[in-house]
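Taken in order, these protein sequences are the chains called B and H.
Our numbering applies: residue 89 is where the first sequence begins, and numbers increase by one.
Our numbering applies: residue 12 is where the second sequence begins, and numbers increase by one.
Simulated from the structure, these hints should not be mistaken for laboratory data.
All C-beta atoms in this analysis are idealised placements derived from N, C-alpha and C, irrespective of residue type, glycine included.
When the alpha-carbon atoms are kept at most 25 Å apart in a straight line, the in silico DMTMM-like pairs for lysine to aspartate or glutamate are as follows: (1) Lys412(B) - Glu71(H); (2) Lys154(B) - Glu61(H); (3) Lys49(H) - Asp229(B); (4) Lys195(B) - Glu61(H); (5) Lys49(H) - Glu153(H); (6) Lys195(B) - Glu46(H); (7) Lys116(H) - Glu80(H); (8) Lys78(H) - Asp296(B); (9) Lys49(H) - Glu198(B).
Chain H stretches covered by chain B per the calculated footprint, using a threshold of three residues with CB under 8 Å from any CB of chain B: (10) 45-59; (11) 63-77; (12) 139-148.
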Amino acid sequence: MGEKRLIYIILAVGLFVIFMSFLVTAGFSDWLNNIRSKITGEATSFVDFNITVGAGNVPQIINLTKDQVGSFTVTENGMSNITINFSVVDADGISNLNTLANVSLQKTGESRRTNTTCQQVVAVGNNANYTCQVDLWFFDDDGAWTVNATISDVSGNKAENSTTTFTVATQTGFILGPGNLSFSTLSPGAKNQTASTALTLNNTGNQDIPDGNIEINATTLAGESNSVLGLHSGNFTISNTTTAGKIQCDGGNNTAVVLSKVSGKSFIDINQTGVGTFANVTTNMSRGNHSINNGIIGQEQLYLCITLVGPELTQQSYSTSLNKPWTIQATSAA
Amino acid sequence: MANKSITQMLGIFIGILIILSAVASAFSISAPYMENRKLYLSPGESEELEFVLQNAFATEPTEVGVKIEEGSEIMQIIDPKSTYTIPVSGRASVNTQVTAPPNAKIGDIYKIRVSVGTVPAEGGAFTFGSSINHDFEVVVGEKPKTQITGEQSKGEIASNPSLYLIVGIIIVILVIFFALRKRKTKKR
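The following block holds chain B by itself, in its conformation from the complex (with noise of 0.2 Å):
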């Protein structure tokens, strides 16, 4: 009898450990939740509940949602904003509340997007509704991002919900400017002009645009009269440097894309291999706050040369009208 009673007492305790692990490391619902996902083929998720005890009880932030439905685009070039709503139970009552909340939403490896003044709309009894608007920049990356929110109460009780997540679109883009470029003083038979302003291309998606992946198809500039004269896209080079040795010019040494490689039906990669120790012409526009404006951040600055302006060349319009407009491509791939 004694040792069946012992029996008893070794399973009872056993169970009871085993109960509170569950408890302690709030397993037991996930261990749940990963059977269920095992028979239905569903994605379980797990949620994080920081709690922060102080004086009373702790809130608890309940129907975390989003606006958004799909896939969210961010504004190109902009910032766009996402409506996050939820609501907040606190049993000491809706007036232990604080009325102000915080949201942000969150990617690893990311800056956080916070609003640190989230809105009380409705407060009925014990549960009070909040609502707030945060923003995403054109750059932030693309993928499945969290929204976190967190409310505290005036004992200092914390209350925080993750539940909710949605995924940013991929987004490609650039901006081609400035709107005009000129070259100083073109005479027949004058060598290596650079154009006054150098091409800039900023970036106004999130992804990364590496190197090898802008491109450009140069055409003739053909005579609009006669259109047998023409600047040649051959005497054109096209670089990412510039210096006053004139290396935006130097097809020579590869330090800039002689531009007589193109067809005018083909792109060909502005990049390249300097010979010996000059300079490689490596262009690429990673995804950035590219308003910086340094050349580097989100942006890439192209110097287009002429190596040489025909001595045949009488005076007339010379453009794209004939032949294709030139074009610049950016590849944005995995």
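Given the coordinates of chain B, assemble chain H onto it according to the supplied hints.
Same frame as chain B, now just chain H:
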């Protein structure tokens, strides 16, 4: 001397005429997010994908052309057009459909390139246009199982020490239980 000044005049004139105008050379294309730029489809399965065009800098509607540069054997634009007008401060949708061939083998990969370019403006000047390629792959087969969350993976759960502790306790209890039971049986 006279010849030199004529040449200079010509030079100045040509210089004035060569003006690059980079008009309508800004836009973007948004695509549905795909992990590692891979879309998984079973043989014969179709999926519609919506691409979104924007032009943040336009002061007038922008015309762009869209084409499936690579992979057109499995992906088509289902809109009855290939030129789209992006309204000022607005967006334009490009609707496409991807279908994995019914006879495709698991593991087959199809490269897709969606290309968007400005429609060249007619007329003079030295015009610059721009184009954007969006690349991804269609993989025939099942999508790899989704991780549970970005912060905690299944592997981490499996290596959770508390799980081992629980299993250990259960084993100890069972050993004690059977040992006592055996002892009791022997006494009888």
